[in-house]
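Dock chains B and C against the given chain A, drawing on the hints supplied.
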Amino acid sequence: MLKKISISKYIAYLYLIMLCVIWVIPVLFGISTSFRSQAEVVSTGFRLFPVNWILDNYVTILENTSTAPILRWLSNSVFIAVMHTFLVLVIISVTGYGYSRMKFKGRDTLFFTLLGISFFPGVVNIIPSYKIIDVLGWVNTAWAMIIPGLAGMGNIFLVRQFLRGIPTELDESARVDGAGDFRIYFWVILPLIKPILIVCGLFSFVGSWNDFLWPVIVYTDVDKMPITAGLLLLQDIYGNYRMIGQLMGSAMLAIIPTLLLFVFAQKYFIQSINLNSGIKG
Amino acid sequence: MKAKKMALIMVVLILGSMTILAGCGSGSDKNTITFWTPLTGDDGAYMDQLVKDYNATEPEFKIKHVITADMYTKISTVLNSGKGVPDLAIIHADRVPGFVKQGVLEPMGAAISGQPEITEANYLPQAWATGNIEGTQYTVPLDIHSNTMYYNKDLLKQYGVESFLDDDVVTIEEMLSLQGKMEPDQYVVNDALLGWVIMAQIQNLGGDIQENGKPAVNTPVMKQAFEEVKKIADAGLMTPFGEDGYLMFQAGNVLFSTDGTWSSTAHAAVEGLNFGVTNIYSATPDKFTNRASSHLFAMLKNDQRTDEKEAGVGAFLEFIRENSLEWAKAGQIVASKQVIESPEYDQFMQSFFTSNEKEVESLYIYTYEYYPYVAEAVDTYCADIVRGNVDLDETLATMQKFVEDKIAESSGAAGTP
Amino acid sequence: MMNKKSIAPFVFVGPHLILFLIFILIPTLYGIYASFTQWNLMNDPVWVGMANYKAILFDESSTFHNQFVNGLSNTLIFVGISVPLLIVIPLSVAVALEHKKVRMKGFIQALLYIPGLISISAAALIWLLIFNKQLGITGNLFHSQAAWPATQPYAWIIIFVITVWGGVGGNMIIYRASIAGVSRDLYEAAEMDGAGAGRKFISITLPSIRFPLIFTFVMTTAGAFNVFGQPLMMTDGGPRQTTHVLMMYIRQLAFGHGESIAGMASAMAVLLGLVILVISALQYYVMNRNAH
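Chains as they are written, first to last, in my numbering: chain A, 1 to 281; chain B, 1 to 417; chain C, 1 to 292.
Here chain A stands alone, though its shape is the one from the complex (with noise of 0.2 Å):
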């Protein structure tokens, strides 16, 4: 049986390194050429280290903000992101025990309606979107970029889902003891589904934090912008005029945040809750 673990424990050591070196391979060279200047990287071409390292490109997308507030953008941003993704678990969580333990008729019908109607791909919705974020009053508001998304039906699916694969016993019993589906979500349920709430927050975070489409749409005050829609009116230049450096330089001056907050968060979502121990311990 050792023997069988340690066979298998190099299969999957080998399967893993690979992935990775592929995976970090366009990483690097991404990273790499965010240090080399235009005329190295159109002679050069494909080198995991540059020949003269500079700091060029950084320099010049620091300085190019002199007309942009880049930290109001970022503060901003922090404020986007967080609210909307603590309303986003407040919503999912509360909505997904909805569709997945209450009883109540035509619920699933309710909820796959829903959930078709959301596949309908939204082109030229941007329009009565915007005309729906004017009538309320959001136009330049962070409340134009935390509110819509909440309507979301992905997260609620997984949550749905994830919820359907626990058993009922728990909660079961709770009711048993008098509790209603109030004090069940929140001392029974919530705790459950952690993980997947965690994975949802990511999820949420990171896609608030990099949409570009909406919020160019709805902001025309600059100090009111996120860092994306901010960035994008700077950027735009590196990608249309291929200063090939700047581009990749302000591509991982953007990840940093969200990189953070994923190896933060990836502790608490791979934990191991033991569910079946606990219904039969």
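Rather than coming from a laboratory, the hints here were simulated on the basis of the structure.
Hints are supplied without guarantee of correctness; some may be wrong.
[Claimed, not checked] List of simulated lysine to any residue pairs, SDA-like, C-alpha gap at most 25 Å:
#1 B/Lys181 - B/Gly388
#2 B/Lys64 - A/Val222
#3 B/Lys52 - B/Pro343
#4 A/Lys105 - C/Ser280
#5 A/Lys194 - C/Met104
#6 A/Lys105 - C/Leu277
#7 C/Lys100 - C/Ala110
#8 A/Lys9 - C/Tyr187
#9 B/Lys30 - B/Val78
#10 A/Lys103 - C/Arg103
#11 A/Lys105 - C/Asn288
#12 B/Lys83 - B/Lys153
#13 C/Lys105 - A/Pro257
#14 B/Lys62 - A/Pro69
#15 B/Lys153 - B/Thr284
#16 B/Lys52 - B/Thr32
#17 A/Lys105 - A/Ile184
#18 B/Lys231 - B/Thr278
#19 A/Lys267 - C/Leu206
#20 C/Lys200 - C/Leu277
#21 C/Lys100 - A/Ile184
#22 A/Lys131 - A/Met83
#23 A/Lys267 - C/Val102
#24 C/Lys101 - A/Val263
#25 A/Lys267 - C/Gly106
#26 A/Lys131 - B/Val66
#27 B/Lys287 - B/Gly160
#28 A/Lys103 - A/Ser173
#29 A/Lys267 - C/Asp185
#30 A/Lys131 - C/Ile26
#31 B/Lys214 - B/Lys401
#32 A/Lys267 - A/Trp23
#33 B/Lys401 - C/Gln252
Coordinates of chains B and C only, in the frame set by chain A:
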């Protein structure tokens, strides 16, 4: 009972938050002119500087410059909701006929009536004319930005072909003379903005993209334009299909690059690239054309814009006319004659295109109402045609149909329900 | 008692229902309405009945018909190949990471997740340089004479490479979180019975995570149908429009140069929505039935 109460609280919270959050919408300031531009990146910074300089003159109406990354979609959203329509905007030349037909542009007349210098005579003629639809002036130009051909000075010398530049027109025939003489991995010309180059050849060959208002894509001239450019690719002198010819030029492996006035700053940032600028190559020695567009000041329909504010717009445009040398830094050909005739303008590479009458005439702006659809068809199919991946006659017929189908679906089409 | 029962569900699903109504249902209905009109996004839509659908579905000479057919078949190719990859690779990674003896799990996980955070324009540039004939590895390492973005099947291959590279992270962490919830006791009991890694995966892991698995299948498929960034940036739909996916045509019609043809774009979007609906319903039905 408890559940009912909770339900009530939930609903109140949601509706409450929505109404509380409402009402902080931005009312447009009475004494500010909101000015939208699609000028992202450095271009926006140069325009910002111009706006700052203007506001420093303490005008009655100050300008608030708003750069947007997706301006045309944004224009659609505000026109639909009827609120937040900007007082002034910069739009591209090919948008003018469509916007006028859809009735979303305000004529410039009232705004510039108090500005005696804002007249046709003081701007590059085609830049001014592109905003004139049936006798009404809808725009005032900022610049012309054009397809141009950069050349690598060192490579021209190496191959001993500096004579190509003598008469300001590099012909396809001259380029073909290099067949068989190129070092491995070096090419005569790249395929950057290939669609624009094709559009230039149509003019060089004496053709057009319309006949009596109907699109003319499947024509002998279009066919000839493609065949002429295809000769370069067939001779193996064009950078290979699917390779980044723009970067290959920057790497010093291509003699000519057919990109835009605006890339001169990017090329200049490449160390060791010794380059100059000339006209787009031509299928004939008699004529050369640089397909161009223009950034134009325009006013979208907006009932809340007062006459006084329009006069304020006029004052700003006059300031731009006098002071847009700053804009030349973006690489563009400034439209104001006062600026391009000033000695300081000569330091900019693009002054080449206003150095004589013939050069000015070479900057060609298509004003056909459905030009964008024609350009889209050419852009979609040109690479495959020039590389010989598709049958030319068949593809031209497809392109003609492509444009006609799109026109039939646009609102301006005659006889639609 | 009765009263409480009828109100309580609304408390749980009601708030979201209101949000859904305002921010998804109304815009979606408007989009469906627009598909029956001729509209340029600026003026008021003009009702044309079924004309857009007729042109797209039945008029074989119409440009829009050809775009729809070509776009949809390219999209189906993309879905058919990318979805299995985006399920199998993350799942195998999650299982391998679950191995007791594997160290540095967090580090490996973070490495595989990073590409998903990089903006598509930067990611495309990275891969285009890697796949560049002169500058990259395809010429030097594979001795390939073809320019990959302009030659099939390489054009598809580079689209799949960037998609998988950037896309495995999301499903991977869903599987990680789900597998972490599976009881250790089950595995230990199986090991006592002498079950190997393969047996444990088939008889314990897969059944335990079946519901999240259904989720990833349905949502990954729906997402893949909406693809446009990767082909747009990597191949621009070429060569000969063989990687031109439907969403690219839809976006060009609605937001391209020249006057918007948003009614036609909406009709294509509605048809795409119906395709997604049918396929995801089938997926859900088949997998859910097998899960019981």
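The hints, checked one at a time:
1. B/Lys181 - B/Gly388: 23 Å, holds
2. B/Lys64 - A/Val222: Distance of about 11 Å is within 25 Å: holds.
3. B/Lys52 - B/Pro343: Distance of about 24 Å is within 25 Å: holds.
4. A/Lys105 - C/Ser280: The hint holds at about 24 Å.
5. A/Lys194 - C/Met104: Distance of about 23 Å is within 25 Å: holds.
6. A/Lys105 - C/Leu277: Answer holds: A/Lys105 to C/Leu277 is near 23 Å, not above 25 Å.
7. C/Lys100 - C/Ala110: 18 Å, holds
8. A/Lys9 - C/Tyr187: Given pair A/Lys9, C/Tyr187 holds - Cα atoms ~16 Å apart, limit 25 Å.
9. B/Lys30 - B/Val78: Answer holds: B/Lys30 to B/Val78 is near 18 Å, not above 25 Å.
10. A/Lys103 - C/Arg103: 44 Å, violated
11. A/Lys105 - C/Asn288: Roughly 21 Å between the alpha carbons, so the hint for A/Lys105 and C/Asn288 holds.
12. B/Lys83 - B/Lys153: 53 Å, violated
13. C/Lys105 - A/Pro257: Holds, at roughly 21 Å.
14. B/Lys62 - A/Pro69: 21 Å, holds
15. B/Lys153 - B/Thr284: 23 Å, holds
16. B/Lys52 - B/Thr32: Given pair B/Lys52, B/Thr32 holds - Cα atoms ~13 Å apart, limit 25 Å.
17. A/Lys105 - A/Ile184: Holds. A/Lys105 to A/Ile184 sits at ~21 Å (cutoff 25 Å).
18. B/Lys231 - B/Thr278: With Cα atoms ~21 Å apart, B/Lys231 and B/Thr278 stay inside 25 Å; holds.
19. A/Lys267 - C/Leu206: 23 Å, holds
20. C/Lys200 - C/Leu277: 34 Å, violated
21. C/Lys100 - A/Ile184: 34 Å, violated
22. A/Lys131 - A/Met83: 23 Å, holds
23. A/Lys267 - C/Val102: Holds, at about 16 Å.
24. C/Lys101 - A/Val263: 21 Å, holds
25. A/Lys267 - C/Gly106: 8 Å, holds
26. A/Lys131 - B/Val66: The given pair, whose Cα atoms are some 20 Å apart, holds under the 25 Å limit.
27. B/Lys287 - B/Gly160: Measuring from Cα to Cα gives roughly 24 Å; hence the hint holds.
28. A/Lys103 - A/Ser173: 17 Å, holds
29. A/Lys267 - C/Asp185: Status holds; Cα separation ~22 Å.
30. A/Lys131 - C/Ile26: 11 Å, holds
31. B/Lys214 - B/Lys401: It holds: about 12 Å lies between the C-alpha atoms, which stays within 25 Å.
32. A/Lys267 - A/Trp23: This hinted pair holds, its Cα atoms lying about 22 Å apart.
33. B/Lys401 - C/Gln252: 17 Å, holds
Figure legend: structure checked against the earlier numbered hints; hints not met, in rising order: 10, 12, 20, 21.
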